[in-house]
Structure formats: structure tokens, C-alpha cells
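S.K.: Chain U: place on chain F using the hints.
Protein chains in written order, with numbering that gives the first Met the number 0: chain F, 0 to 597; chain U, 0 to 608.
There may be inaccurate statements among the hints.
[What the hints assert, rightly or not] DSS-like cross-link-like pairs, simulated, lysine-lysine; straight-line CA separation at most 30 Å: (1) F:Lys93 - U:Lys471; (2) F:Lys584 - U:Lys471; (3) F:Lys252 - U:Lys107; (4) U:Lys485 - F:Lys584; (5) F:Lys97 - U:Lys191; (6) F:Lys436 - U:Lys241; (7) U:Lys355 - U:Lys485; (8) U:Lys541 - F:Lys590; (9) F:Lys97 - U:Lys584; (10) F:Lys97 - U:Lys142; (11) U:Lys436 - U:Lys485; (12) F:Lys191 - U:Lys355; (13) U:Lys139 - U:Lys128; (14) U:Lys107 - F:Lys191; (15) F:Lys204 - U:Lys191; (16) U:Lys379 - U:Lys591; (17) F:Lys21 - U:Lys202; (18) U:Lys142 - F:Lys198; (19) U:Lys249 - F:Lys89; (20) F:Lys248 - U:Lys27; (21) U:Lys234 - F:Lys21; (22) F:Lys111 - U:Lys318; (23) F:Lys204 - U:Lys107; (24) U:Lys202 - F:Lys590; (25) U:Lys26 - F:Lys248; (26) U:Lys234 - F:Lys17; (27) U:Lys241 - F:Lys97; (28) U:Lys541 - F:Lys21; (29) U:Lys234 - F:Lys93; (30) U:Lys591 - F:Lys577; (31) F:Lys252 - U:Lys241; (32) U:Lys556 - F:Lys465; (33) U:Lys241 - F:Lys109; (34) F:Lys191 - U:Lys591; (35) F:Lys590 - U:Lys584.
[To be verified] So these bits of chain F aren't anywhere near chain U, every CB distance computed over 12 Å: (36) Phe20; (37) Ala174; (38) Ile178; (39) His249; (40) Ser266.
Don't read these hints as lab results, they were simulated from the structure. Small disclaimer: the values here were computed from a predicted structure and weren't measured. Here a beta-carbon is modelled for each residue, glycine too, at the ideal position from N, C-alpha and C.
Residues per chain are reported as follows:
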Amino acid sequence: MKKQGFKSVLADNWFLFKLCFKAAPACIILMIIENIRNEFVIFMEFTFGLNYVLECAEFGRPFRDAAVFLVCLLLFVVLGLLFNAFLYQKIQMKSEPKIKQAIKEMMFLKAKEIDLACYDDPGFYNDYVLSVSEAENQADRMLGVLSGIFTGVTAILLSGAFFIGNDPVSFCFVAVSFIASLWAGKVLNRLKFDIRNEKNPYERKLGYVNRVFYLNDYAKEVRLNTEVSDLMLRDFDETNDSTLAIDRKHAGKRFWQQFCKDYLCNSFLIDVVYMIYLVYSAAVLHRISYSNVAVMRGAANRMKNNMNRFSGIYPQMQEISLYVEKMQNFLNIEPKIISREKRMLPEKPTEIELKNVSFGYNDNDGYILKNISMKIDPYSKIAIVGYNGAGKTTLIKLIMRLYDPDEGEILLDGVNIREYDVEEYRRKIGTVFQDFKIFAATVKENVLLDFAEQGADEAVRTAIEKSGFSERLETLSNGLSTNLTTEFEDDGVNLSGGEAQKLAVARVFYKDANLIILDEPSSALDPIAEYHLNHSMLSAAEHKSVVFISHRLSTTRIADRIYMLENGRIIEEGSHAKLLANGGKYAAMWKVQAGQYL
Amino acid sequence: MSKNKKSKARVFANNAYAVKTVWDISKKRVIHTAVYAIVGYVEWIFMSIFFLRYVINAIETEAPFQAILGFIGICFVVFSLFAMYESYLNSVVIPYTDNQIYRSLYRKLYAKARNVELRCFEDADFYNKYTTALDGSAQKMTKSVDFFFQVIFGVIAAAVAFSSMFLIDPYSVLFVISPIIGNFFFGGLMNKIWGGRYDDNVKNNRKAEYVNRVMHLAEYAKEIRYSNIHDLMMKRYRESVKGKAAVADKYAGKAILYSWAQNVTTFALVFEGIMIYAAYRTIVSKTMGLAELAIMFTAMSTSSWILIGMFNDFMEAMKNGQFLEYFRTFMEYRETIPEDQDGIIPEEKVQSIEFKNVCFAYKSNDPVIRDLSFRIEGDKVCALVGHNGAGKSTIIKLLFRLYDPTSGEILVNGINIREYNLKSYRKLFSAAFQDYKVMAMSVRDNVLMGAQFEKPDETAERALRCAGVWDKIQSLPGGMNTMMTKEFDRDGAVLSGGEQQKIVVARAFAQNASVKVFDEPSSALDPIAEYELYRGIMDESKGHITLFISHRLSSVKDADMVFMLEKGTVIEQGSHRELMEQNGKYCEMFTKQAQNYLADENYKEEARA
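Here chain F stands alone, though its shape is the one from the complex (with noise of 0.2 Å):
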């Protein structure tokens, strides 16, 4: 693990506490305020009001003083609770979800910002998953912390107080417990740490037998092949007896140590030694009242508690520091693909052309794409053909500038696409992915993919039209408002697969762009509905560039023109006629699909 600095860790901290004291200011404020109240009456009641009215009887002062302290006591500490409900029922209830939404917010436009590259570096991306999923615990931490703080240091100075005005030899019995007692906790949590570290891989093994019991996808599998359950279990029992012999192994250690930390350094030194100091105290040296001696014992139980609770606060804040790190390091990310001259895209459709454009994912895997060339006329319909792992939807990627080509350009009218507005550019570009997503909002949010504005109903029903999705919309009983899937609304409408595609279709024809990209659109589909599809996208396509990727070379036929990708390199390239009679490998691929048509 990596060591961090005690002034970065509280740099961090201090970063997360300004975003949630921005957040919700005067809840943060309250909280404290409260904190400090509570810790102030908790001393009020064991430690300095005991010790008064057992004075008050000892010395024989008149019980009105006692009664009159204890009723403003009283008086004070149920005001006190009020506020304290108010803070923590009201109050805190409304705020802790605004403190999370402003790390979210932040985190969720960041998220829209950076590249999709990021997304293929699985360092990255699990950080950043974990950064998102985590925000929540955080800002629960960071609160913990805080209060941790303030209820730690108002306790330590109120009882150090006491302790200092009655008898200062007592504090070094407190302080003595919890050096020690913080110096055992740590010899025993590296010892923990060490056993957790050792069980680590068997319990990702136990973890994936787990999964191939319980998950769904291999419940056909197990039923099936008997056997293989055996094999699991046999895993199972030998990884546990790796388990149990770690926990063999560390046991006469880990003993001892727990001893230590738990009797020794704690009991021991309060209930023994201190004890007998007190007792001493007030039997041989008559130093102390014998009230006092309760009071006392009592005080310094509450203060080593609190000092190890105030020792706790270090290690939360390390853990918070730790994943303030990862979340800057995501906010720090700076997007590659930005707009260069921010040019306004032509409004009609014009020529793309790709010009020796290379690219890889990253370094180590070499190049996916080589040197590749080819032109995308206005209105034409373009194929993009190839095996898997050709580079078929790198390619396509590239076209989208979801990357930018590592060599090589890539002309839109003549001009480099880097020098238009990103934003515009894609606006231009109507497209439906592989696995394209159906959103949990209405159909008319689905097909905007933006708010539901007033007023676009036509233009959105026109699309959908064109998509062949009318027929399904005019069963839904709330129109276009009728909300898709049942992720948050019961009523919701769950779309078959089909219907799905169709809707998301629309969505290219409501963009009104000028190229259409559709990466092996008809995946899912039987072979008539996937002729159906193809023939509506063409016939509605008409105004519009079209770039598609499909397996099935029946559906590319139709293509003004075919590029064979394989291995990241153009192989072939020509209409359906001309690779066809060329006799190459496209020959080769149409045969042995159309050849048993025959």
C-alpha cells in the first residue's frame, strides 16, 4: 500500500470538506454545534455534576444548591434534545442528499466529458466506478469524521480540565492506557491485515464458486453437467482448508495480542493500577474523598474511550484521502478530443474521406487499424465488411471521433474533423449502436434523448413513423408519455427487442443528420425482420450518407460500395458486381454463405 503523507491526507480531507460544507453550510455548522453541545452535557452529568452533588452531600451544603443545579440541568439538556432532533430528523434528513448530489453532479459531468479511451483502460475505469459508487460513503464518512472531531476534542479538554483541577497524576493513567492500548491496536491490526492479505486469493476462489452456483447464466450448465459440480466443490472444501490453516497458523500470535490490547493495555490499567492509585489516594493519604474515587474511575474511563475514538478519526480520514485521490484523478483527466477551431459543420451532407488513418487502442496491443483509406460520397451507402476483430467498429469509432486516429486524418468537406465543434459534429452523425439502450423515461424522452420539451410531439411522431414503431406507440394507453421500462415505474412498458430497435431508429431520424452509422443493426434479428429493417433505414435514408457494418452479406449487397476490412487493413474494395467478380476473398465469404442457398 502506498504511504501517504499526513499533510496530504488532510489536503484531502479539507478538499472534501469544503464540497460539503459548500453543499449544505449551515447543517455542517449545526452539527458541530451540536456535537460540542452533546459532549458538554455528557461531562455535565458523569463527571461535573456527580462530583458536585456527592460534594454537595459530603460537605454538607444545603440541598437546595444541588436541586437548583440539576433542574437548570434538566432544563438545559431537553432544550438541548429538541435541538438535537431538529438537527438530526429535519434538518440533516434534507442536506445529506444535497452533500451527495454535489460530489455526484460533479462527478456525473466530468464523466460525460472525458474520452471513451478511458473507459478501455481498466485501471481507470474500475477507479472511477469506484470513485462514483463510493461518493455516498464518503460524504457519510466525511461527516463521521467531523463529528468524530468535535465530540473527541470537547471531551479530551473538558475531562483534561477536570483531571488537571483535581489530581493531574491521574491524567498520566489515561495517557499511559492509551499509548498503549494504541500501539497494541496497531501491532494486532497489521497482524489482521496480514491474515486478510494471506486469505485474499482463496477467497476470490470461494467468490467464483459462489457465482457459478447463483448466478443464472450457469444454472444450465450445472444442471446439465452434473459433474462439474463436483469440481466446483472440491475447489470449494480445498480452498477452505487453505483458509482455515492461515487462521491455524497466526492463532497463538493473534491471542496474545488481543490480550495485550484488550485486557492489559485497558482494564488492567484502569481497574488495577489506577484503582489501587485511588485507592491508596483515599485510604492511606486521605488526599481524595471517597466520592471522588468513583467519579474519577468513572472520568477516566470516558476519556481513554474517548482519546481511542479520537485515535480512530486518522485512519477514516486516510481512508477518505485515499479515495479523494482517485476521485481527482478522474477530475483531473483532460479530454484529448476537444474542439480545436470550433467551425460550424455544411448543412447538407458532404464528402468524409479517411486518409491513411492508423490507430490502436493502446500501445502494447499494436496497431487495430492500419493505414487506412477510403471516401464516403454525399448520399452514398457505404459497407464495411470483415471476420471478427477485423476493426470493423474501430472503425466506425474513428468516423464518430469517439477516438482520434493515432496517424492519419480523417476530412469532412476537405476540412480535418478536429476542427469542427465536437458537440456539432456528433449532432450531425445519427446512429444506432450495437447495444444501443432503451432509457427508463417515455417514449418521447427515448426518441430525444433529451428533456421532453413542449411542442416537439410532430416532428418525434414523424420519426417514429419512419421507423415502423406507430403501430406498437398506438397500444400504449398514454401515448408518448407512456413510460418505458419498469426500472422505477411499475407500470412501465417493456419493449421486445424488435420493438426496441425500431425506436431506437427513430432516434436517428428525428437527429435530422447528415450521416447515418449503424454497426450490425439487425444482430438480434430473425432473417425477415431483418430484411424489413434494412429496407425501411434504406428507403429513409435517401437524403442522408450512410455508413453500416454487417456480417450478413446479404444486407451489404445493397451497398453502393464495400470495404473488406481484415487484420486493420482495407483487402477489397468495390461495389457488390466488382468484388464479386474480382474472385477474392469477399468472393470467397459470399459463397460459402449464399452457395448453400442455392
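M.R.: Frame of chain F; chain U shown alone:
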């Protein structure tokens, strides 16, 4: 209210069930937990009440210092033994028995998971409950045992603390009524408020979680960059935050009142109350000694804290009860198709498969298979074809008896498959499923799947060759011994989707089954690989029945028998030639697909028009 009472009774029953479950696995753990709870309370009460009372009494009565020292020494010996016991428990008994409990509990869960029918996995409701049951069940189970004894001995400890107060002053016990009311009455009301808030926020939380998911899953990343969906999602998220604030406001009034009342009765009234009362008795009526006053105060605060602790334990136990409920539901679930069902041992050779008027629905009002009848006899190659949703995969699931038909029957070798011993029955089949899953085991184990073979290596190799992935496997550093996935082995192989699918297909080739089933075995393959795979299936079709599902009609041409399905029933059957001659739906579908490949230039015109 009665429902509430019932559920409380159920919580107790469930916790008792947890104790019983752990008792059956490790009596040692249960006994130690009980002893631990007793030791903990004894120490607590003794140190905060009796120990202090003795010491103060001794000082007050001016007992010799040595005597007090002796007493403290005895306590030291006793409690250091206690502490040793606790340490022994924490570092030896608990880790060891944890291991034992984990092992035994999960083995039970796995056995059950393996034994329930597939429907349980596909029914979202049941499945969620089941995953909840599995998640951390060993810890939750032992936690229940902890709670159980904490609550039981907590009651006794509270009684002891009260009686020690009673001995000093009988009336002082009256003050304890206040925290009891505070915890159990106002605490109960507060709990209802928490429940209400939780219920009202379910929708808000779901919304926020959904936005969260959309914003961080890679699969949405492209869409976010290609639309304004980000703004829409932000709007949803803000709605959820506002919704939470509204919920907070809705309950604020009552919550403030109850929580205030709870705290005042639990802490303020009893502390300050007893102090005033005891001070009055000491100072004014002089009926109480100074030591007694001090003891009174610590005894009172001890019993209050025991009550508070018990209340919290009780609440935790309630929460845990929900988990236990799911656990029990799952373990006590009665399988409709128990995987260990006994029956006739089938003949090794499948002569015939017959579906007789089979109907089936996953959900009661949505039939997937309607009045389906067909018969397969002898070692044939049969293809199931049809549109999406025609019920092709469901037929396979019914044949494997992963589901039972709602009506009608399935006969294998003339006997209803329900009569067979299920495990032996399943051995008749081998299958490559559409949703192929490669396991984190060696390539060999992935192909053989734990089944015993005379010559395992040769069998696996032959199967991999048939599936067309042998060359790839040979190129791996460890050959067939290479671990799949990086799950456990840094050097594990991560293969492409197509290669993984081929390995899964090899499973079907390897098994010595009488019926081999391929459910869309080529979905991740490119055209040439697909073509070769089907050729492999045809070549390997001797000596058993082959059943495959395909979208691609060209691959069906060589099958002996084609079943064309529509809306869950067979509408046409026969060989490819016979069906083409019939000129029905199959012919139409085939022609349409073929047409795309034929040199029919009209297609393009038509598409443009």
C-alpha cells in the same frame, strides 16, 4: 397491529431457527457464544456496580488498605482469566468455527441451488430473494446467534442491575420505567418512521441508482456522447434529491417529537431524576449514605445502557430477521422438479423422442408452447427453425426437463420423462447453449466438464478439433492445461467470443451422449467459421440424435428432418426438399433469405424505392 405482532413472533422464530442451524453445524460455537455473553454481562455489572460498591464501602468503613488491595488482586486474577477466555474466543474459537460454519452452510446452499429447478433462477423475484440469502449468510447467521444470547442475557443482566438499585432504594426502580417507555414505546414509533421514510424513498433511491448506473457503466458511455441524455439523467437525479427532501419534510414533525421524547425519557428524565431523588435522600432525609448515592448513580446508568444496548440488539435482530426469512424460504422451498429425483434408469440409447400435445408458459397467461407434437426416431439430424420467439430454445429446456410442461407429455423411448431418475436422464444429453459460458478452469476441464473418460486428453482434443478451435488451443503456452480467464491465473487465456463459443461447442462433442443439442452454436462466429462448424456437426452426427437450432436456413439444408415452428407449435415438418415442395412458410422464409443472396437486382431498386 396484529400483522406487526405476527411479524415480531416470526422474527423470534427466525432467530431461533438461526441458532438451531448453527447448533447443528457447530455446538461449540453456540455454547461459546452463550458463555461469552454471560461473561461480558457479569464483567460489566460486577465492575460498574459491585466492584465499586465494595471499594467505596471499604474506604468508608476504613478497612485496611491491604484488604482492599487483596480484593483488587482477586478481581485482577478473575478478570484476566475472563479476558484470556475472550481473547481465546476471538482468535481461536471464532475463526475456526467461522470456517466450519461457512463451509457447511454454503455447501447446503449450493446443494439446494443445484437442486431447485431452473425456473427459480429465471424468476426475478425468487432470484433476488435467493441472492439475498446467499450474500454473507454465514456472518448473518452467526450474528443472529450473538443477538439471541445478547438479548436473553441482557434481560437477566438488566434484572440484576435493577435489583441492586432496589436493594439500595426500592423506589429508585420506578425511574427505570422511563427509559423502558423511551426505548420500547417511542423507539418503536421512531422505527415506524424510519420504515415509512424508507418505503417512501424506494422510488427516489431507484431513480438515483439508475442515473448512477447510466452514468458509470461503459455500455452507456457512447450514447451519452451522442445525445443529451446526460441532461435528462441529471433532471431525474435532481428529482430524486427533491423527492428525498419532500419525504424528510413529510415525517419531520412527528420524527422530531418522537425522537425528542425518546431521548428525554431514555436519558434526561432518568439521569437527572435519580440524581435529584438520591440527593434529596442523602442531604435532606439523610436516609442514604454517600457511597450508596454514588453506587445508585452508576447502577442507574449501567442499567440504562444495558436497556439501550438490548434495544439496539433487538432492532438489529429484526433487520437480520428479514434476511433469515429469505434464507428459510429458500432452504424450505419445495422443488417442483427436484434435481435429485429418483426414478427409472433410462436405457443408454435414445431410440425416440416424442412431444405429445405439449403446452407451456413461463408466466401463467403468456403461453410460449402451444399444443406442440412431434416425434423423432432413430439417429437423425434434426433442425428446429423459426422466427424469434417461436419457442425453439424453450423446447430444448423442456426436453432437458429444466422445466415441466403445463400440460401434455414428453416421452423418451416411450416413457414419460417425469418417470426417469433425473440425473441419469440428463446424462443422455449433451448441449452447447446459446449463452455460452466458459468457466475459470483449464481448457480440458472446460471441455470434459468433470465427466470421466478413458482417454481424457484424446477425447478433449478430438472435440476441440471438431469445434475448429484446436489450432488456437495448441498455440496457447499451456495447451489444454491453460487456465481460462484471468480470474485466478495471471497467465490465464482470454479468448475472443467466437473462440469461447467453439470451446463450449466442443463440450457437446466430447460427451458420450445419446442426444447432442446445439442451440444457435454460431451466434458469435463469422460466416466461414459458421460454415465449418455446421460441417463439423454433420460429420459427427453418426451414432446419436443431433438436434440443432439455427436462424440460418442454409445450415439446415442437410438435416434429415426440419421442424418449422411458429408461435410455439410445429407448423411444418419434413426434409428440406419436402418442405420446399410444400411451398409453405418454410419455403417462403428460405426463399426470402436466399433471395438476398441471389443475383436479383430488383432487390436494390426495391429498397431504394
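S.K.: Given the hint that U:Lys436 pairs with U:Lys485, does the C-alpha gap stay at or below 30 Å?
M.R.: holds (14 Å)
S.K.: CA of U:Lys234 to CA of F:Lys17, is that 30 Å or under?
M.R.: Holds, at roughly 25 Å.
S.K.: Below or equal to 30 Å on CA atoms is what counts here, so check U:Lys234 against F:Lys21.
M.R.: holds (21 Å)
S.K.: For a C-alpha distance cap of 30 Å, please report whether F:Lys252 and U:Lys241 respect it.
M.R.: violated (53 Å)
S.K.: Is it true that the CA of U:Lys541 sits at most 30 Å from the CA of F:Lys21?
M.R.: violated (75 Å)
S.K.: Straight-line Cα separation of U:Lys591 and F:Lys577 no greater than 30 Å?
M.R.: holds (24 Å)
S.K.: Would the hint linking F:Lys111 and U:Lys318 be met if the CA-CA limit is 30 Å?
M.R.: violated (39 Å)
S.K.: Since F:Phe20 was said not to touch the interface, does its Cβ keep a gap of more than 12 Å from each Cβ of chain U?
M.R.: holds (18 Å)
S.K.: Is F:Lys204 within 30 Å of U:Lys191, Cα to Cα?
M.R.: Status violated; Cα separation ~41 Å.
S.K.: Per the stated criterion, does the least C-beta distance between F:His249 and chain U lie above 12 Å, as a non-interface residue requires?
M.R.: violated (8 Å)
S.K.: If you draw a straight line from the CA of F:Lys248 to the CA of U:Lys27, is it 30 Å or shorter?
M.R.: Status holds; Cα separation ~21 Å.
S.K.: Does the claim that F:Ala174 lies off the interface hold, with its Cβ farther than 12 Å from every Cβ of chain U?
M.R.: With a cut-off of 12 Å, F:Ala174 remains clear of chain U, as the shortest Cβ separation is near 21 Å.
Hint violations for this structure: numbers 1, 3, 4, 7, 9, 10, 12, 15, 22, 24, 28, 31, 32, 34, 39, 40, all remaining hints satisfied.
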